[in-house]
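Each protein sequence line maps, in turn, to chains A and E. Take 30 as the starting number for the first sequence in the working numbering and just add one per residue. Take 30 as the starting number for the second sequence in the working numbering and just add one per residue.
Be aware that one or more of the hints could be misleading.
Any copy will do: because identical chains look the same in the list, a pair fits if it lies in one copy or spans two.
Straight line, CA to CA, 27 Å or less: simulated DSS-like cross-link-like pairs of lysine-lysine [claimed, not checked]:
(1) Lys47 - Lys175
(2) Lys42 - Lys195
(3) Lys102 - Lys127
(4) Lys102 - Lys125
(5) Lys207 - Lys42
(6) Lys39 - Lys195
(7) Lys47 - Lys207
(8) Lys207 - Lys195
(9) Lys207 - Lys127
(10) Lys49 - Lys175
(11) Lys207 - Lys50
Honestly, the hints are just simulated from the structure, not real lab data.
Chain by chain, the residues run as shown.
Number of protein chains: 2
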Amino acid sequence: MLIESSSNPKVKKWMKLKQKKYRYQSNEFIVEGEHLVLEAMNSNVVKEILVKEGSTVHLNPAFNGKQPVYILKENLFTQIASTETPQPIMAVCEMKSKTIERHNRLLLLDRVQDPGNLGTLLRSAVAFGFDGVILGDGCVDVYNEKVIRSTQGAIFKIPIEFHSLKEYVPMLQANGVKVYGTSLENGQPLGEIEEDSQMAFILGNEGQGVNPELLSTTNRNIFIEMTQNIESLNVSIAGSIIMYRFRL
Amino acid sequence: MLIESSSNPKVKKWMKLKQKKYRYQSNEFIVEGEHLVLEAMNSNVVKEILVKEGSTVHLNPAFNGKQPVYILKENLFTQIASTETPQPIMAVCEMKSKTIERHNRLLLLDRVQDPGNLGTLLRSAVAFGFDGVILGDGCVDVYNEKVIRSTQGAIFKIPIEFHSLKEYVPMLQANGVKVYGTSLENGQPLGEIEEDSQMAFILGNEGQGVNPELLSTTNRNIFIEMTQNIESLNVSIAGSIIMYRFRL
């Protein structure tokens, strides 16, 4: 079906999906580019496929013909896309929440604000066999297009839950999970932390780190050994170094 | 001095510094925000300070009064800045090349394209005591404002050199430095790589990795142990995990 008018109700809906509020109202989000669309198809979350008029796209082998495909005039396609020079395919996906089933390795995020950092942390969490990621209050929306792009498809591969960390941390501890904060002060060096069967790591805001109140409730706090020459590491780097060290 | 007109030759010059070509012609680049300006001052590279009219900025303790301070009308200041809502201070800095003096730990970058990745790699290189970073052909310009912002000031703290890696790698090897590529295939797991007194690590392009020709000339190639669930790690993550492992 060729869509040519910006007053088409579908176009209006897709445009609205740029706003977080509307994404959660409709339980949908958009991914862009062949790689992410394919990952979304493999995860059975694709509801609609949007293709730029006149372009050649490869949908095999995951395309099963069940989802409607809309061909859009170039200017409409570009308006809906978030990137300046978008690849010619997008997919409208359903938010499908997977529940975290094991609690052997968890990543807890406290007010991580940068989309690239959140996306990269999700990508590393998948790479290192983590069981799930918990987003505390104040994190950037995980269905933000920049976050999704940075995950490189990892968003479809790991359970993500939303909890208040103040309540979630004691709940984990009551279930035998050791919770580790990250802090530049008063922590133990990563190299001295021993492996445990159930570990959860809290990474914090880019400027302020983990909320001190939270840090006071953890089992231990970790710092990553480094020179005095710099104040801190990027949060996605710090988190990934820790996840690599305790990968499953 | 208050500058109000966009036809002021200074304003024209500062605007041009957004272009790579002009940065290298004039040997200057701009940093934005209090933190980076302070780091630049501590490194003695500040030539001019730009302040937005009507704003309060803190220059102590590094400000020595030697550099001219220009007060700019808000619209001019915003035009020169790269960020959408800039902090009210910028500095024009001199490119000062430091030479790499030791070759115990080096990071070699082959066509790293994303500004955030390059900046983050520089930040981690400083954090883990590396002696220098070599930018091969095809990397994003290190004086790009986004790169500088991602370094969080690390750009002033580590020698950066520009070389053709094809020529530089054999030169390092002839001087006893062991050179390690990174590759998803045919590499050795990071955990099995033994420390050496002189090590250089090559990280590659976001999509294509390290040039295969280069990989065939290294002493060894490394891969980072991870699940089969994902294709690769972000390059700044991979590089930082390796640098942490072999930090000095």
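Next item on the list: Check lysine 39 against lysine 195 for me: Cα-Cα at most 27 Å, and say if that holds within a copy, between copies, both or neither.
Entry: neither (40 Å within a copy, 52 Å between copies)
Next item on the list: Indicate which option fits the pair lysine 207, lysine 127 if close means a Cα-Cα distance not exceeding 27 Å: within, between, both or neither.
Entry: within (23 Å within a copy, 45 Å between copies)
Next item on the list: Have a look at lysine 49 and lysine 175 and pick one of within, between, both or neither, based on CA distance no larger than 27 Å.
Entry: Answer is both; intra-copy 13 Å and inter-copy 25 Å each pass.
Note to self: As a check of your reading, is lysine 102 near lysine 127 (CA-CA no more than 27 Å) within one copy, between copies, both or neither?
What the structure shows: Neither. Shortest intra-copy (35 Å) and inter-copy (52 Å) distances fail the 27 Å Cα cut-off.
Next item on the list: Using 27 Å as the alpha carbon limit, work out where lysine 42 and lysine 195 are close: within a copy, between copies, both or neither.
Entry: Neither: 36 Å inside a copy, 51 Å across copies.
Check: At most 27 Å between C-alpha atoms: does lysine 207 with lysine 50 qualify within a copy, between copies, both, or neither?
Finding: neither (34 Å within a copy, 53 Å between copies)
Next item on the list: Tell me, please, which holds for lysine 47 and lysine 207 at an alpha-carbon limit of 27 Å: within, between, both or neither?
Entry: neither (38 Å within a copy, 48 Å between copies)
Margin query: Checking an output row: lysine 207 and lysine 42, CA cutoff 27 Å. Within, between, both or neither?
Written below: neither (44 Å within a copy, 56 Å between copies)
Next item on the list: Pop the pair lysine 207 and lysine 195 into one bin, within, between, both or neither, using alpha-carbon distances up to 27 Å.
Entry: Answer is within: at 15 Å inside a copy they meet the 27 Å cutoff, but 48 Å across does not.
Next item on the list: Have a look at lysine 47 and lysine 175 and pick one of within, between, both or neither, based on CA distance no larger than 27 Å.
Entry: both (11 Å within a copy, 24 Å between copies)
Margin query: When Cα atoms must be at most 27 Å apart, do lysine 102 and lysine 125 count as within-copy, between-copy, both, or neither?
Written below: Neither way: lysine 102 and lysine 125 sit 30 Å apart in one copy and 50 Å across, limit 27 Å.
Checked against the numbered hints above, the structure breaks hints 2, 3, 4, 5, 6, 7 and 11 and satisfies the rest.
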